[in-house]
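Novice: What follows is the residue order along each chain.
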Amino acid sequence: MIGRAPLALAALAALALLATAAFLALNLRGDIGFALELRGARLLALVCVGVSIATSTIVFQTVTGNRILTPSVMGLDALYGFVQIGLVFALGGLGFATLDPRMKFAGETALMTAMALALFLPMLRARLDMTLMLLSGVVLGVLLRSLSSLLARVIDPNDFAIASGASFASFNAVRGDLLAVASLMTIAACVVVWRARHVLDVLALGQDASTALGVDWRRTVAGLLALVAALVAVSTALVGPMVFVGLLVVALAERVVNTRRHAVLLPAAALTAIVVLVGGQATLQHGLGGASALAIVVEFAGGLLFLALLFAESRRR
Amino acid sequence: MIRIENVSFARGGTEILRDVSLELPSGGVTAIVGPNGAGKSTLLSLIGRLQPLQAGRITVGGHAVDSTPGAELAKVLAILRQDNGVASRLRVRELVAFGRFPHSRGRLSNEDRAHVAASLAAFGLDAFAERFVETLSGGQRQRALIAMAFCQDTPCLLLDEPLNNLDMFHARDLMRRLRAAADERGRTVVAVLHDINHAAAYADRIVAMKDGRVVADGPPAELMTPETLERVFGHRIRVTTIDGRPVALHHL
Ligand SMILES: Nc1ncnc2c1ncn2[C@@H]1O[C@H](COP(=O)(O)OP(=O)(O)O)[C@@H](O)[C@H]1O
Ligand SMILES: [Mg+2]
Numbered sequence: 001m002i003g004r005a006p007l008a009l010a011a012l013a014a015l016a017l018l019a020t021a022a023f024l025a026l027n028l029r030g031d032i033g034f035a036l037e038l039r040g041a042r043l044l045a046l047v048c049v050g051v052s053i054a055t056s057t058i059v060f061q062t063v064t065g066n067r068i069l070t071p072s073v074m075g076l077d078a079l080y081g082f083v084q085i086g087l088v089f090a091l092g093g094l095g096f097a098t099l100d101p102r103m104k105f106a107g108e109t110a111l112m113t114a115m116a117l118a119l120f121l122p123m124l125r126a127r128l129d130m131t132l133m134l135l136s137g138v139v140l141g142v143l144l145r146s147l148s149s150l151l152a153r154v155i156d157p158n159d160f161a162i163a164s165g166a167s168f169a170s171f172n173a174v175r176g177d178l179l180a181v182a183s184l185m186t187i188a189a190c191v192v193v194w195r196a197r198h199v200l201d202v203l204a205l206g207q208d209a210s211t212a213l214g215v216d217w218r219r220t221v222a223g224l225l226a227l228v229a230a231l232v233a234v235s236t237a238l239v240g241p242m243v244f245v246g247l248l249v250v251a252l253a254e255r256v257v258n259t260r261r262h263a264v265l266l267p268a269a270a271l272t273a274i275v276v277l278v279g280g281q282a283t284l285q286h287g288l289g290g291a292s293a294l295a296i297v298v299e300f301a302g303g304l305l306f307l308a309l310l311f312a313e314s315r316r317r
Numbered sequence: 001m002i003r004i005e006n007v008s009f010a011r012g013g014t015e016i017l018r019d020v021s022l023e024l025p026s027g028g029v030t031a032i033v034g035p036n037g038a039g040k041s042t043l044l045s046l047i048g049r050l051q052p053l054q055a056g057r058i059t060v061g062g063h064a065v066d067s068t069p070g071a072e073l074a075k076v077l078a079i080l081r082q083d084n085g086v087a088s089r090l091r092v093r094e095l096v097a098f099g100r101f102p103h104s105r106g107r108l109s110n111e112d113r114a115h116v117a118a119s120l121a122a123f124g125l126d127a128f129a130e131r132f133v134e135t136l137s138g139g140q141r142q143r144a145l146i147a148m149a150f151c152q153d154t155p156c157l158l159l160d161e162p163l164n165n166l167d168m169f170h171a172r173d174l175m176r177r178l179r180a181a182a183d184e185r186g187r188t189v190v191a192v193l194h195d196i197n198h199a200a201a202y203a204d205r206i207v208a209m210k211d212g213r214v215v216a217d218g219p220p221a222e223l224m225t226p227e228t229l230e231r232v233f234g235h236r237i238r239v240t241t242i243d244g245r246p247v248a249l250h251h252l
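Chains as they are written, first to last, in full-length UniProt numbering: chain A, 1 to 317; chain B, 1 to 252.
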């Protein structure tokens, strides 16, 4: 008997392929070779972003033990923005601008990972409940964003222009220069997460149950949180902050495959993310002609879902 | 064998365990009894290394619980906690199969599957095997959690109030299984029990705790006296003998 999961995965894979083909082929005009090269690079970026958002969201939800929090709801991409402008502040605009972008990216990622661990490990160890975690995430996000804008005011306008140039990536202005290093990081992180898929299943049972089954909770969670931070850095660097996409694709995937087993959910959510992002971009940009609203549409749908999940959660209590 | 030496434990300034020492030989069923807040769960969680030791030493089968790698210890002892939140979208069979994780690291062999099937059958869970755990009743869920701990197939089994939520049939059935695990497989079973009569009927030894100390320790016949029970639980309890067994009329 073929179970539901393999069928669902196959269907998602087919949809993802379809989305990819549509993205590459819809309304292709002019110099086809050149256009394809351009689209290919953007396709790679979207896939990278989708896979890293899906993976980081699942790992984060498993480690924190809930389905509503995502790295971005908890302020991790605000942290990335803060690190970016903090570096401009520390190095000065010129120093920042002359750095190799890949070096900068690596530095930002390392710094952000360290800060994310410093912020979240104590929170996890204190076993905060969902409401408190959510609250701390919101407060953290506001705090980091206001610190960022404070820094933006303090540094001189030229430096600020450089900093915002570096941070205003979006779906229509994908950071091509970081594509290679970002893809490599995504692949490396995904390999590690995939190899930990059974351990992730155990972690979902909670700290005590994981310990009882012989998983070193502290070390494993610290390592996984570092991976989450790196993956958030990848997606934020490539296309800018996206708050609700992760929540949306993981919740959709979970309903499609009807399991939380990571061996199934990880690929399912990655494929769903590709369908939503690549398919959405193909429809909105190449199909409907130039509209750049994918981020808005996806964030809107994701935001609604977030509220729905919150209500469902509070009713369950 | 479990050896507990001079274990003390404090939380927020209050002492929860005060210099507890116990030695439980291999094989056999030990019941831990005592009023609420006596420190039973804390002691069990320290043996099961769910909390770090603050003072004293605990070894299980010669392994010091604070320095032995967790993965190794998970093949020596299994622990059922008193309160278990269960992750959602988890089927009963999947939950029980987690008991095999220390052996399989998630890749179930045929032997692992056989263990899972046997545990499901032993605790009457065959009919629920494909149900989501959150759709079970409290007692059914408790049986699934016990099945998971059994499935871990460790020489030492720690159970914190395993009879919670169980009906009479399943409570008796579980106690008989614990007895059989000790007698037929030489497993060392330690269970926190609230029903002193279950403890007296099935345990080889009863350890009574109060205010973080062991206040009585011995075979049921020795412990089941009105004086000792009053010292532990705080009210006068009549003890009669039925078919040669001591029975406490604690509810009267
Ligand atoms: N996390 C905690 N913080 C503070 N006190 C605690 C904590 N856990 C347990 N205690 C206290 O420790 C004592 C023993 O608790 P416990 O071991 O759960 O008792 P038992 O299982 O015997 O009923 C109780 O008085 C309880 O209030
Ligand atoms: Mg207790």
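No lab work stands behind these hints, which were simulated from the structure alone. By construction, the Cβ of each residue, glycine as well, lies at the ideal position given by its N, Cα and C atoms. Take these hints with a grain of salt, some might be off.
[Stated by the list, open to error] Now the in silico label distances, taken between C-beta atoms and shown as ranges:
| # | chain 1 | residue 1 | chain 2 | residue 2 | range |
| --- | --- | --- | --- | --- | --- |
| 1 | A | F311 | B | T14 | 37 to 43 Å |
| 2 | B | T14 | A | D129 | 52 to 58 Å |
| 3 | B | G27 | A | R219 | 30 to 36 Å |
| 4 | B | E72 | A | D156 | 25 to 31 Å |
| 5 | B | G244 | A | P6 | 57 to 63 Å |
[As the list claims (entries may be wrong)] To give an idea of the interface, some chain A residues facing chain B are shown, with a C-beta separation under 8 Å as derived from the structure:
| # | residue |
| --- | --- |
| 6 | A152 |
| 7 | H198 |
| 8 | V202 |
| 9 | T211 |
Novice: When you take the CB atoms of A/F311 and B/T14, is the distance between them in 37 to 43 Å?
Specialist: For A/F311 and B/T14 the Cβ distance comes to about 39 Å; the hint holds.
Novice: Answer holds if the nearest beta-carbon of chain B is closer than 8 Å to that of A/V202; otherwise answer violated.
Specialist: 6 Å, holds
Novice: Return the status of the interface hint for A/A152: holds when the least beta-carbon distance to chain B is below 8 Å, violated otherwise.
Specialist: 42 Å, violated
Novice: So, A/H198 near chain B? Judge it on the closest CB pair being under 8 Å.
Specialist: Check passed: Cβ of A/H198 comes within 2 Å of chain B, closer than 8 Å.
Novice: Starting from the range 57 to 63 Å, see whether the pair B/G244 and A/P6 falls in it by beta-carbon distance.
Specialist: 60 Å, holds
Novice: Are B/T14 and A/D129 spaced within 52 to 58 Å by their CB atoms?
Specialist: Roughly 23 Å apart at Cβ, these two residues miss the hinted range, so it is violated.
Novice: Look at the Cβ atoms of B/E72 and A/D156 and judge whether their distance stays inside 25 to 31 Å.
Specialist: 59 Å, violated
Novice: Return the status of the interface hint for A/T211: holds when the least beta-carbon distance to chain B is below 8 Å, violated otherwise.
Specialist: 6 Å, holds
Novice: Is it true that the C-beta distance of B/G27 to A/R219 lies inside 30 to 36 Å, as the hint says?
Specialist: At 34 Å between Cβs, range holds.
The earlier numbered hints that this structure contradicts are 2, 4, 6.
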